[in-house]
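In case you want the letters, here they are:
There are 2 protein chains.
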Amino acid sequence: MSAPKPSSRTGSRAAGQPTGSRSPGKSHRRFLLPFQGEALSPPPVWLMRQAGRYLPEYRATRDEAGSFLDLCYSPRHATEVTLQPIRRYGFDAAILFADILVVPDALGQKVTFEAGEGPKLEPIRTAADLARLDPAKTGGKFSLICETVERLRGELPDETALIGFCGAPWTVATYMVQGEGSSDQAEARLWAYRDPQGFQKLIDTLVETSIDYLDRQVKAGADALQIFDTWAGTLPDNEFDKWVVAPTKAIVAALKERHPEVPIIGFPRGAGGAALWYVDETGVDGIGCDTAMPPYMMSEAFEDEDVVVQGNLDPLLLVAGGDALDERVDEILELMEGRRFIFNLGHGIVPQTPPENVARLVHRVRGE
Amino acid sequence: MSAPKPSSRTGSRAAGQPTGSRSPGKSHRRFLLPFQGEALSPPPVWLMRQAGRYLPEYRATRDEAGSFLDLCYSPRHATEVTLQPIRRYGFDAAILFADILVVPDALGQKVTFEAGEGPKLEPIRTAADLARLDPAKTGGKFSLICETVERLRGELPDETALIGFCGAPWTVATYMVQGEGSSDQAEARLWAYRDPQGFQKLIDTLVETSIDYLDRQVKAGADALQIFDTWAGTLPDNEFDKWVVAPTKAIVAALKERHPEVPIIGFPRGAGGAALWYVDETGVDGIGCDTAMPPYMMSEAFEDEDVVVQGNLDPLLLVAGGDALDERVDEILELMEGRRFIFNLGHGIVPQTPPENVARLVHRVRGE
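From first to last, the protein sequence lines stand for chains L and V.
With my numbering as the guide, the letters of the first sequence map in order to residues 1 to 368.
With my numbering as the guide, the letters of the second sequence map in order to residues 1 to 368.
In isolation and in its complexed conformation, chain L is listed as follows (with noise of 0.2 Å):
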């Protein structure tokens, strides 16, 4: 087995290096201090689907917009619901509406979103189906991402952060092969397993066009990049070293070189301890912690490893609210008082939650 235990950093970034500091001085930007080193009381929150089903004006901004890659494609119509809950709630990071199959739908395979149930993509199997995806194409419909950056960058309060993202290579890959969401990522895993050549021509396609998409997003006015990897946990020790942590070593590599000042955080989903081993070998200067990701590692662990740490609020406490939620957010303040820490989920907003809670929370974290 590859992986070793994992030991202080050795990896991409040396230690105590304070990273993200666009300028000699300090970001007016509260989203950016942690990445410069600073421990923020009370921290800076932002919530990962926040602009969403869960708000009427978004609901609104869709059926206006179309279909749902519509939406995506509107640089005006993805700009309004960016900002619809900075306007609300005063987060202090943005991040650019966008979907994480805008890639494959760039790279030319069919993807549609059918209401309710979830996406579907003509499902990439063979090496001819491989073969058809095109990364020179991807330049137009970039473009129109690209342009929402640039007007939210132009719209936004000069204090909000801008996040800009993309899926990361392996979870991406999981739908494309897959057609579909699911549960088991069964399709990727057997292409994997009976033809690693072949699946790492499909890894690498998408290693490449996430380089670009994601240097166009900086260029365009983003001010940190987040990388999903929704499902990074289900993999064994040697296929998430593969799969998960060399692409998108090779991304942040690649953005590194770039754009120094631009911070990452990667956020490899249902990942638990192995998120060690991926914050030391990739590089990323955040770790996205998902609900699930036991206490000692957030205030302990991810320490050693000089890396700013986000999350990790279970969105289900936002859809039951009350007390609970209150005292769920203590507990996370405390745990993290005096780290260098991001407020936020463990996974997405989810569309039967009560605006009023999101409210809540952030007066919460805030102390207001």
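Think of the hints as simulated: they come from the structure by calculation, not from any bench.
Given the structure is predicted, the values throughout are model-derived calculations rather than measurements.
Mixed in with the good hints there might be a few duds.
Same chains, same names: a pair is fine if it fits in one copy or spans any two.
[To be verified] SDA-like cross-link-like pairs, simulated, lysine to any residue; straight-line CA separation at most 25 Å: (1) Lys201 x Asp212; (2) Lys26 x Arg360; (3) Lys242 x Val350; (4) Lys141 x Tyr58; (5) Lys110 x Pro56; (6) Lys242 x Asp323; (7) Lys120 x Asn357; (8) Lys256 x Asp63; (9) Lys242 x Arg30; (10) Lys242 x Ala324; (11) Lys26 x Glu180; (12) Lys137 x Glu368; (13) Lys242 x Gly322; (14) Lys242 x Asp326; (15) Lys242 x Leu333; (16) Lys110 x Leu121; (17) Lys141 x Ile100; (18) Lys141 x Lys201; (19) Lys249 x Ala136; (20) Lys120 x Asp184; (21) Lys242 x Glu334; (22) Lys242 x Asp330.
Following the hints, complete the assembly by docking chain V onto the known chain L.
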């Protein structure tokens, strides 16, 4: 947050006490020897869901039995399908053929299995729903299951151990509340947040019923027990303590009081690093490791906990077969050499598994 960093054993069992020795002498069933302190080479081997749809003879027996629950409650048919993989592969242990939803069914909840759709239950969401569950009525259905155990003990080769099992209260509750399988167990988790006392009543009912059910299985002839907690991995640490650790601890304690010689294996799937805490607190004798369990946990961390390790080959490698399968089997054997170890999968056999790959695995493990 309530779960401290796992430390050396301070929990339910004294350190250094080999468990599971039914008699003063060594068992003649190899499967039981690791629980008596022996590290075997080659290790004992059995596979989760070794009786199942990948076997043509299983499909034939199931068609004859009627519905899936009919099969579970027919001692003749359930005995037959339990024996089928033993005849083919000579596994060191057989596992009683049944389903974790036998418990809610016996408690009076309506449970059905639609072909290709998974289980459907009339969901339990209120105190009134809960009040209709009746532990006093479980005897009839549990007797049918235990008749299967008795028949099996009579028909199995004498050297083959027989494993009884139940679903852990948390995992069974997720189905009872959701009414079906789900990727996020949202309904059970929401109930637990909104009304922890009410949800505790459901868990208590399941603890009490599971103790009775497992006690009966042991009295009928089970040599060992496994507690399946398939959905343990999505819970935050404090919820993991309340709904996974505490109920399992109660079940283990009650069974240990009645049958101190019978080893109990816990399988908190997806628990990652929290599995150390789980082992320490619950007092299980064996820990089932899922596919994503990091190797250093299997070979080092659990060693300090004096627990038998079981796992963790990816079931999809058993579909893929070939050199990739052999190489991974060898890696796991090498990793666990000299440890008290039982070879198994990290999750159940999937239906599309070629039976010849299972034979290949068993030969490889045994160095034949």
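- Query: Against which earlier hints does the structure fall short, listed by number upward?
  - Reply: Result: hints 2, 5, 7, 8, 9, 11, 12 break, sorted rising.
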